[in-house]
Every structure is written in structure tokens, then in C-alpha cells.
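Novice: These protein sequences, in sequence, are chains A, B, C and D.
Residue numbers for the first sequence follow the working numbering, beginning at 1 and rising by one.
Residue numbers for the second sequence follow the working numbering, beginning at 1 and rising by one.
Residue numbers for the third sequence follow the working numbering, beginning at 1 and rising by one.
Residue numbers for the fourth sequence follow the working numbering, beginning at 1 and rising by one.
Simulated from the structure, these hints should not be mistaken for laboratory data.
There's no promise every hint is true.
Heads up, the list lumps identical chains together, so a pair's fine if it works in one copy or across two of them.
Capping the alpha-carbon separation at 30 Å, the derived lysine-lysine pairs in DSSO-like fashion look like this [said to hold, decoys possible]:
1. K17 - K60
2. K60 - K220
3. K220 - K17
Protein chains: 4
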Amino acid sequence: MALKCDVQYRKGDTWSKLTKVGVTGVRKPVVVRREGIGGALNGALNCSIDIFVDLPADQKGSHLSRNVEVLSDIVEESIREPVTGLEDMACGMCRKLLVHHEYARTASVAIEAEYFRESRTPLGRGTLEMYRLLAGGTAVRGGGVRKTIGAEVIGMTACPCAQQTVSEMTGADGTAVMSHNQRNVCTALLTMDEGIDVEADDIIDMIQGAFSSPTYELLKRDDEGQVVINAHANPKFVEDVVRSVLEAVVERYAGLPGDVEITVKSESEESIHKHDAFAERTASLGELREEYRRRPSQ
Amino acid sequence: MALKCDVQYRKGDTWSKLTKVGVTGVRKPVVVRREGIGGALNGALNCSIDIFVDLPADQKGSHLSRNVEVLSDIVEESIREPVTGLEDMACGMCRKLLVHHEYARTASVAIEAEYFRESRTPLGRGTLEMYRLLAGGTAVRGGGVRKTIGAEVIGMTACPCAQQTVSEMTGADGTAVMSHNQRNVCTALLTMDEGIDVEADDIIDMIQGAFSSPTYELLKRDDEGQVVINAHANPKFVEDVVRSVLEAVVERYAGLPGDVEITVKSESEESIHKHDAFAERTASLGELREEYRRRPSQ
Amino acid sequence: MALKCDVQYRKGDTWSKLTKVGVTGVRKPVVVRREGIGGALNGALNCSIDIFVDLPADQKGSHLSRNVEVLSDIVEESIREPVTGLEDMACGMCRKLLVHHEYARTASVAIEAEYFRESRTPLGRGTLEMYRLLAGGTAVRGGGVRKTIGAEVIGMTACPCAQQTVSEMTGADGTAVMSHNQRNVCTALLTMDEGIDVEADDIIDMIQGAFSSPTYELLKRDDEGQVVINAHANPKFVEDVVRSVLEAVVERYAGLPGDVEITVKSESEESIHKHDAFAERTASLGELREEYRRRPSQ
Amino acid sequence: MALKCDVQYRKGDTWSKLTKVGVTGVRKPVVVRREGIGGALNGALNCSIDIFVDLPADQKGSHLSRNVEVLSDIVEESIREPVTGLEDMACGMCRKLLVHHEYARTASVAIEAEYFRESRTPLGRGTLEMYRLLAGGTAVRGGGVRKTIGAEVIGMTACPCAQQTVSEMTGADGTAVMSHNQRNVCTALLTMDEGIDVEADDIIDMIQGAFSSPTYELLKRDDEGQVVINAHANPKFVEDVVRSVLEAVVERYAGLPGDVEITVKSESEESIHKHDAFAERTASLGELREEYRRRPSQ
Numbered sequence: 001m002a003l004k005c006d007v008q009y010r011k012g013d014t015w016s017k018l019t020k021v022g023v024t025g026v027r028k029p030v031v032v033r034r035e036g037i038g039g040a041l042n043g044a045l046n047c048s049i050d051i052f053v054d055l056p057a058d059q060k061g062s063h064l065s066r067n068v069e070v071l072s073d074i075v076e077e078s079i080r081e082p083v084t085g086l087e088d089m090a091c092g093m094c095r096k097l098l099v100h101h102e103y104a105r106t107a108s109v110a111i112e113a114e115y116f117r118e119s120r121t122p123l124g125r126g127t128l129e130m131y132r133l134l135a136g137g138t139a140v141r142g143g144g145v146r147k148t149i150g151a152e153v154i155g156m157t158a159c160p161c162a163q164q165t166v167s168e169m170t171g172a173d174g175t176a177v178m179s180h181n182q183r184n185v186c187t188a189l190l191t192m193d194e195g196i197d198v199e200a201d202d203i204i205d206m207i208q209g210a211f212s213s214p215t216y217e218l219l220k221r222d223d224e225g226q227v228v229i230n231a232h233a234n235p236k237f238v239e240d241v242v243r244s245v246l247e248a249v250v251e252r253y254a255g256l257p258g259d260v261e262i263t264v265k266s267e268s269e270e271s272i273h274k275h276d277a278f279a280e281r282t283a284s285l286g287e288l289r290e291e292y293r294r295r296p297s298q
Numbered sequence: 001m002a003l004k005c006d007v008q009y010r011k012g013d014t015w016s017k018l019t020k021v022g023v024t025g026v027r028k029p030v031v032v033r034r035e036g037i038g039g040a041l042n043g044a045l046n047c048s049i050d051i052f053v054d055l056p057a058d059q060k061g062s063h064l065s066r067n068v069e070v071l072s073d074i075v076e077e078s079i080r081e082p083v084t085g086l087e088d089m090a091c092g093m094c095r096k097l098l099v100h101h102e103y104a105r106t107a108s109v110a111i112e113a114e115y116f117r118e119s120r121t122p123l124g125r126g127t128l129e130m131y132r133l134l135a136g137g138t139a140v141r142g143g144g145v146r147k148t149i150g151a152e153v154i155g156m157t158a159c160p161c162a163q164q165t166v167s168e169m170t171g172a173d174g175t176a177v178m179s180h181n182q183r184n185v186c187t188a189l190l191t192m193d194e195g196i197d198v199e200a201d202d203i204i205d206m207i208q209g210a211f212s213s214p215t216y217e218l219l220k221r222d223d224e225g226q227v228v229i230n231a232h233a234n235p236k237f238v239e240d241v242v243r244s245v246l247e248a249v250v251e252r253y254a255g256l257p258g259d260v261e262i263t264v265k266s267e268s269e270e271s272i273h274k275h276d277a278f279a280e281r282t283a284s285l286g287e288l289r290e291e292y293r294r295r296p297s298q
Numbered sequence: 001m002a003l004k005c006d007v008q009y010r011k012g013d014t015w016s017k018l019t020k021v022g023v024t025g026v027r028k029p030v031v032v033r034r035e036g037i038g039g040a041l042n043g044a045l046n047c048s049i050d051i052f053v054d055l056p057a058d059q060k061g062s063h064l065s066r067n068v069e070v071l072s073d074i075v076e077e078s079i080r081e082p083v084t085g086l087e088d089m090a091c092g093m094c095r096k097l098l099v100h101h102e103y104a105r106t107a108s109v110a111i112e113a114e115y116f117r118e119s120r121t122p123l124g125r126g127t128l129e130m131y132r133l134l135a136g137g138t139a140v141r142g143g144g145v146r147k148t149i150g151a152e153v154i155g156m157t158a159c160p161c162a163q164q165t166v167s168e169m170t171g172a173d174g175t176a177v178m179s180h181n182q183r184n185v186c187t188a189l190l191t192m193d194e195g196i197d198v199e200a201d202d203i204i205d206m207i208q209g210a211f212s213s214p215t216y217e218l219l220k221r222d223d224e225g226q227v228v229i230n231a232h233a234n235p236k237f238v239e240d241v242v243r244s245v246l247e248a249v250v251e252r253y254a255g256l257p258g259d260v261e262i263t264v265k266s267e268s269e270e271s272i273h274k275h276d277a278f279a280e281r282t283a284s285l286g287e288l289r290e291e292y293r294r295r296p297s298q
Numbered sequence: 001m002a003l004k005c006d007v008q009y010r011k012g013d014t015w016s017k018l019t020k021v022g023v024t025g026v027r028k029p030v031v032v033r034r035e036g037i038g039g040a041l042n043g044a045l046n047c048s049i050d051i052f053v054d055l056p057a058d059q060k061g062s063h064l065s066r067n068v069e070v071l072s073d074i075v076e077e078s079i080r081e082p083v084t085g086l087e088d089m090a091c092g093m094c095r096k097l098l099v100h101h102e103y104a105r106t107a108s109v110a111i112e113a114e115y116f117r118e119s120r121t122p123l124g125r126g127t128l129e130m131y132r133l134l135a136g137g138t139a140v141r142g143g144g145v146r147k148t149i150g151a152e153v154i155g156m157t158a159c160p161c162a163q164q165t166v167s168e169m170t171g172a173d174g175t176a177v178m179s180h181n182q183r184n185v186c187t188a189l190l191t192m193d194e195g196i197d198v199e200a201d202d203i204i205d206m207i208q209g210a211f212s213s214p215t216y217e218l219l220k221r222d223d224e225g226q227v228v229i230n231a232h233a234n235p236k237f238v239e240d241v242v243r244s245v246l247e248a249v250v251e252r253y254a255g256l257p258g259d260v261e262i263t264v265k266s267e268s269e270e271s272i273h274k275h276d277a278f279a280e281r282t283a284s285l286g287e288l289r290e291e292y293r294r295r296p297s298q
């Protein structure tokens, strides 16, 4: 029996377009192979994937199973032919989505994955740290494909203001004075034309360099002391974390076009409060460059 | 001792503006009194509040404690003089934020609160149902204040496509054929000039009317059967839920200006899948009206 | 039509008892009035409630709607006649559950609610802080009813070990040396016969006194400095937080019977790691007293 | 400089034992190789790991970094010599923990990991489904080591009671009548002596067989219809899901000793309510066998 369930195609009783229709939270392991990243451990990344297309005003429904089908095909291919990056996979999916949803004008994909990478403590011991990769793509029918590359990194901030206050209250010397410090979660995303290549590993490095100190799974006594000393020698507001990432982005990506879009967020789980502190910047690389050019001479 | 910690005001070593700096997840009970809503139970709403201003390029930090101070003042006042709505409170806070952060050009506040309201089952029994109120405000220095009113409501959808497929596979009659059904979470937000009044209760009603069926805390046997029958007599995709809310908004708010911004989202926790289905529309009321005007004659 | 759906009573095809059958995450506002606690703000507590009975081997199903019915009756009554405490409400529900589930041998109820209470910063300014009340009851048919009272409180810990290490590494004086510090979530639960009265406010006080420092929603500069100074003058491991609560419990509740059961947990969201540190003790008050009696002379 | 931070060993000012002290939420990829499970995709499992030992009354602190060190050593070894199972790794860790924490009397480890496995839809198409593996170990100094193996699986339940009610209300035939259906999350855990081998894949199979129907990432139209038909032909309460797993366990593990401990939980995200339905059984295999032996003759 050929099932001809065509409910989704039914016409005549709808009038409003929909911006995004799709599936969220599809879990899949994706085999990635990229020069310079990962080892045995990063053979397959466990991904959580959102997949959307838009829907014209006169069509009742989107064929959601096609979204998962496009994904499954690509994931299956990745076992034989690993993808070169989650953002490349996202772009490839967007292109296929526009083929399979012949009524759609736009397609978008967003991917999150845990990612483990070796790191080194201040005193040089090796550790394995967890990061979250963020990747995506958007396609417009008849237009280009844009990709998004980013990461979420957990680090540590020590508060510059409390440090100065304590210094005034106790008369202690400023460079090693106690302050409140806490976990900070910082996210940076770059969106650009598909042809441009940016390494997620570089983004992780830029974020990690923006904290008062990176954090580590395993710290022996002397390393633990050193992390505390480093963090207090380098106190940072959430504002400072965002700005440090912005500066690293402007300086590192001098060759990228001005229409690269950048979002950087930093959230501190304040140890002295029950709520969090938050800072964010969204801008084009062109805007940031203009601000940077006008920065006060050092 | 007068503490002169002026770290935040320090100039000279920053160059990038920040879009949003503030605090997130501040928990406060707020006493709301509004004609027609709530009873004894809604005297105080437990709110989770995010508060932001922007930051100019040459200022090191934002004074985050002022955000909580503005909030605490308004909450304390609400005990003596209840606020008329969370969105009004958000707008009032935005205005005060621009006074207290003299360097800021924009301010924004977002509020979430659990809200209980009486409802009636299909067979007329009273129940008490939980909703989530969403409210907010944004202010631009020297410009106007916009407010946001909305709600998140949990309901039920039954799938029209699976119903038709089962009908074809079993030969059963279409109006009472089984299908998969599941929890659906639908959110609608309206953003408009401060002077306009929209009732959150109306938004809840519009969302509730858009599901295959509302859901209820307490259902005796016959009511449970009736909910199942109602849902299957009224099958809905996530797309349909969003469109039903859009239609209710266009028809109810004929008097509102075209620049009211609308976001409607519907997410179904698919019973047959481990992932969710999702649909969203963002548009101005003007755009929606234009689409509605061109709808096929019924 | 009298619906005689008796599926739950169907006999003959089941053989295994079930330990707990019921509903979880039912949201209800409950009006509590108790001498000495709350003001206008705590008129109604937003509760999340789990309700269970056991099920004999030969009965197919439990009547889950009766659980919500028992709850709804008590909540409705609470509007006219406020409950004296969430734990009293839990015990009352357990008794009613055994009446309405005539086949059940045991009943249990667990309740969580946000709770706001005034506090004072180190320098004496008033703040409003959020806590989580935890309450419950269990009943055995023909036996007694036991109640559980507790709280989850967020505070701050500064690490004693990192402080000593930094002291050795920098040569700085030990009482005001920097360390890593972070949010700590501590929970204490006491379970006892129904006739005994224990105040949740006292449990909150005991937990709050066990941290390196309490935390506050609103801290002006000098208070922020003082919190940092206090926390570092009072460094605590997760182990210390649990033990401080245990000591407060033993000393305060000298009059309570030895069969009161105590669970205390402390979890630190370590600022220097991406994972948390955790400590827990479960014991009877009798066991704790015996350990306390044998403590080293001070 | 040899740092001699011995804060943790400090004696004399503590009197209370602690039941568990350790770290929670440590993320690590672990390479597992086990006959019959996984393929390329399951080379490394992303694990979240909790690690605890107890602490005697007179010792101030536990050396938490040793927990992560024990873990890191085993994970690093797993790259060269894959572990044979997460539960084996947990047991090995427990043994090492008692060596490294010479003061501890007990050690315990709990591990969670996402796990992907191929499955087949009702009409035989291949899909890749996500499960959650649960594993653990506990060791008592001078006693034995016990291991825990289990899984969390997402499936679908259709309500037998609503189906019967609808049947009575509509007069429709009972075998294909509509009902409410929803996502169900079922967890089964078996704890046993270290020498016994149980396959997590078998536990997943038993759970999957206990739902009204398994669920699938990708369902074309006819498969979707078949899943709906299957689920309604096999309606299940949360109670039934737990009991089906218990029956499968008793029948499959006839050779295992009676002191194997079993916990089975089922939670339905009720489509007609905003809250969940829940059932649980905890018992020894011996108890279950005795109940099974006395079951009504079929």
C-alpha cells in the first residue's frame, strides 16, 4: 500500500508564513577528522542538533522527517568519510535541506558537542579538559551559505573591584590581595561566509586567555596555589573577559572580511551572590575594527 | 572610611563597547495587583529577573550593584503599593536604570514568574493551573520605552499526519482515529510602546485555545476521556499551534499599531521520538495583518 | 453514564509489588501561616510536590488522580485555613492518601518551595534572600507518621588548603591570604515523629552559619569587601560545612529523641575546576550524639 | 620547594564521621571495548563521573585531587588498553581509591554516559538510537566489591485506562481505540558482586520491550503509523512498564544469586497533565523470585 498522507501539503486554510519549523535536540555521534585537532578521543563527537527550514504561508506543514533523514545520511557518511568540521557539516546539511524541502526559502542548522582537549597546568602537568563546540549554518535559496563556529569554555574570574576594596580596608598590597572569585562561562561565536576557515581550537584558546585563569580537572597542591596566584594577579570583570576575547579576535583575524559577525558572552556564577553577572557584545568585525582603530594610544 | 573603589570608572585601557552588562537570575517576590487577575494566591509572584544596561567603549565596568538596588527599591515599594503588572515594573526599572547608570544609552529588563489561575475541565470541574508569565522592558536614552508581555503555556497536541496514516492503514473513520499525542510548550510574546495595555490573561487564553486540547492538573475518568476525544477531534502540528495563536492575535488586536512585534513558538515533546518538534514565527503586527488580508477566502 | 473504568483494579495478571507509585512535579501555591515566619511575601509558597503510595502485587494500577485530588483539597482548604507548615501538610496528605488508596500500605509526600526571608549584610543593611524549603511525610498503615523538615541554602566557601599553599608560596601572613572561593549549596534534612516541632528557619540559620560566609543579593562596596574578608578569615572545605551543620544540630536539639534521622550535604562549585566538590553525612541523632560525646577535649 | 600543605590531615578539632566525600560531575571520555557492543561510534564514551570515599571522625579533610588522579590514570590507560565496561572501570577505581585514601573504609563511583546503538523500526529500517548507560561500583575495605550496571531508555506509553474510558464513551472497539500517549523515561539498575557479568545491552533490550512501543529518531510515514498502532495495541501504565522489566529480569537472570539488588523506575511525561506519573520498585532478586513463584497461574 502506498501511503499518500499529504496532510502537510494541504492548501487553502493557512495564511501565515512561519520563520522556522523543524526538530530540536536530535542526538547523533559524528565522526570528525580535521588536521590538527583531536586524537583517538575525538573520533566521534556526541552532537545535539537543531534543524529548521521556513514555511510559506499557504502550506500546512513541513516534512520534519526529512530533516532527520538529511542528518542521518550525513552522519552515516561520516563513518566512512569523516566530516572536516561540525560547521562544514552544518553547511552541507543546509544545502540538502533546501533540496528536500522544495518549498523552503531558508534553512538553518545549529550543533553543540562536548569536546575534550589536552591542556597544561601552570606548572606544566598534562590534563584533559572539556569544552563545548558550537557550530551552525544558514542558507538562503539562491543566495549564499553562512557558517558559524564557536565554543563555550569554563574558566575563573577574580573580581578587581572587591580586590581594591579589600586592599583599602586592610591596607594590604594590591598585587596579591584576596578577592571573590568564581566559575565563569564564556561563549564566542563567529559567523561568516562558508568559504572562510576558522579553527574552533583557536577560539577556545582566545577564550581561555581571557579569564583571570583557566581551570583544570586535576591540580596538585602547587598547581592549585599557582592558579589562585595567577587569577588574583589578573583580576577580571565579566566585561573584561568579553573585551579580551574581542581584542584577540580583532588582532588575530586581520585578514577576515568586515561582515564576519561576532557574539561574545561571559557569565560569572558570583561566589558572593546567589545570582550571576553577565556581559555581552554582538557586532560585525568591521565595527569592532573601527572601534579598535580609535582606541586610546597605549 | 569612605571607600573610593572606582575601578569601574577607570579610563584609558578599553576600546570596545558592550551591548549588555548586568545581572541574571535575581529571585524576588513581587506583589502585583491588577484588576481582573489573580486572587489571594497571586498576591506575590516569585520572579526571576535579568537586568542589563549597555557600556560605552571607554568605561571599564558597569556598576552591577545598582541594578539590584533599583530592583530592591521597586520590590520594597510593591509591598506598600503593588505593581500593576510585571511589564509595568520592567518599564519603571528601565527608566531608573538610565538614571542610575548615567553612562548607559540603553537599559533592558526581562522577568519570568510562575502564575496560577483557575481553569475548568471539559466537564466543568474547577482546577488550578500553572502558567509562566514573561514580561520585559527596554529603554533608549532620549527615546521611548517599549514593553513586552507574554506567557508560556503547557498544552497537548495530537498529530494530524499520523492520524491520517493510521486511518489509511486500519480503514478506521477519520474523526476519532488514534494518533500520537504529547506535551506541547507554547510561548507568545508581544512587544509594544509602553502606553499600550495588553492582558497576559488574554495571551494565556489565546495560547490555550491553540492546542489540540488544554491540559489539567486533575482529571476524573470522564474528563480524561473527554480531553483525549477533544484532542483527537482537533489534531495539530506545531505549525498549527503557532498559526492559531497568530490568528487570534491579529483578530483580537485590531486596534493596536502595526509596529507591535510578535514572537510565537511551539515545541512538541514528540511521544514517538526522543527529540522535539518546533515551529516559530517572528513578525510585526503590520506584516501579519498584510498576510491575513491576503488569506484565501474561506 | 456511569463510567466504570476499573482497569486499575483488574486482578490476575500481575505478581510484583511496587514500592512507590504516584505523581511528581505537581505545582501548587500553598498558603502557610506560622508564628514567627514570613510576612506579606510568604502568604503563598509555590510548591512542587511528589505524592506516592505503594501497590500490592495483585493490583494492576494505582489511582493517580486521587493523589492530585487529596492535594487539591488540602490546597483549597489552605486558602481559608492556612497550613501551619509544609511538613504538617505533607503528614496530613499521607494520612488522607491511606484512606483514599485503601489498598496501600505506605504513603509518602515530598515538597519543595522557594522561600524568601529578610537577612542582614555584615554591615547591617537589610536584604531579601531566597532559600528552598524541603518538607515531607511518610505514613505506614497501622503505624506512625514521620515528617521531614529541611532547607537548601546557597552560601560561599573559601578553600583552607589553597590558602595555606599560597601562604607558603608567597610568604604572606595566614589570616588574610587569598584562596579560591565559590558558591556552595548546602542541604540539611531532619526526619522525625510527627509530634515533634522543628523550625525550618532554624535549619536555615544553622546552614547559613556553617559557610565561610553567607551570600547576599545586594552588597555595596564596603559590604562586599567585608564578605570577602569574612570568608577568608573562616575558610571551609565541603567537609567542614557539613560538620558545622552537624555540630549545630547536636547542640541545638539536645531534647530530641535519638531516632531523628539527619542528612546534610554540601556541594562546592569549585572556581578552579569544572567539576564540583561534595560531602555528605547521613546518621541518626543518637549516633551523632555518641560521636560528639567522644570528641577530643578542646 | 616541597609544599607540605597538610590541612586535610589536621587532627583534633573534628568529631563526626562523613559518609561520602568526593567530586561530582567530572567529565572524561573513556575508551570501551567489549565483545558484542558498539562499533566505530562507541570507541569513546563521554562520561560524567562521581567519586567518593568516606572520612573518619578525626580527619579534617579528604584529598579530593587523588580522586581525579585515580580517574585520570585509568582513563589514560584506556586509550592504550580499553576498559571492558564502565562498571569494571568503576570497580577498578574503587579498589585504587582505597589504596590512595589510606584512611577510608569505603569507596564508591557512579558513571553516566550517552550510548548510541543501532535499532530497527517496526518495518525494518535501520536507525541509530541514544541511550544512557549507568554504571558504578562500591568497595568496603577488607570486604568485597559490588558493581552496578544499568541504563536509562526513552520510550512511549499509551494509557490503558483512558483507552477503556474512550471506548465506553464512544462505543468504539477496544483494540484500536485512541488514548493519551507520551514519552516515558525508564531506568533499570542491577547491583551485584564484581565477578558476575551482565550486559548493559540486555538491560536496554528489556526496558525497550517494556514500553507500549520503543521510539525512533527517524520514522517515515508507514513506520510512524505502525508505531502508533503498536503502542495502542499494547497500552501500559507506568506500573506496567516497571513490572514488565521486573519480569524480564527474573526470567532472564535465573542463574544469578538472590542478593542481586534491582531498582526499576518509570516516569511518564503525561500528555494530558502538566505533571508526571511515576512508579518504582526496589528489591533483591531473591524477593522478586519469591513473588514470581507465587504468581497466579496464567
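Novice: Hints first: check each against the structure and report whether it holds.
Specialist: Structure-based check of each hint:
| no. | hint | in the structure |
| --- | --- | --- |
| 1 | K17 - K60 | within (10 Å within a copy, 44 Å between copies) |
| 2 | K60 - K220 | between (61 Å within a copy, 18 Å between copies) |
| 3 | K220 - K17 | between (58 Å within a copy, 25 Å between copies) |
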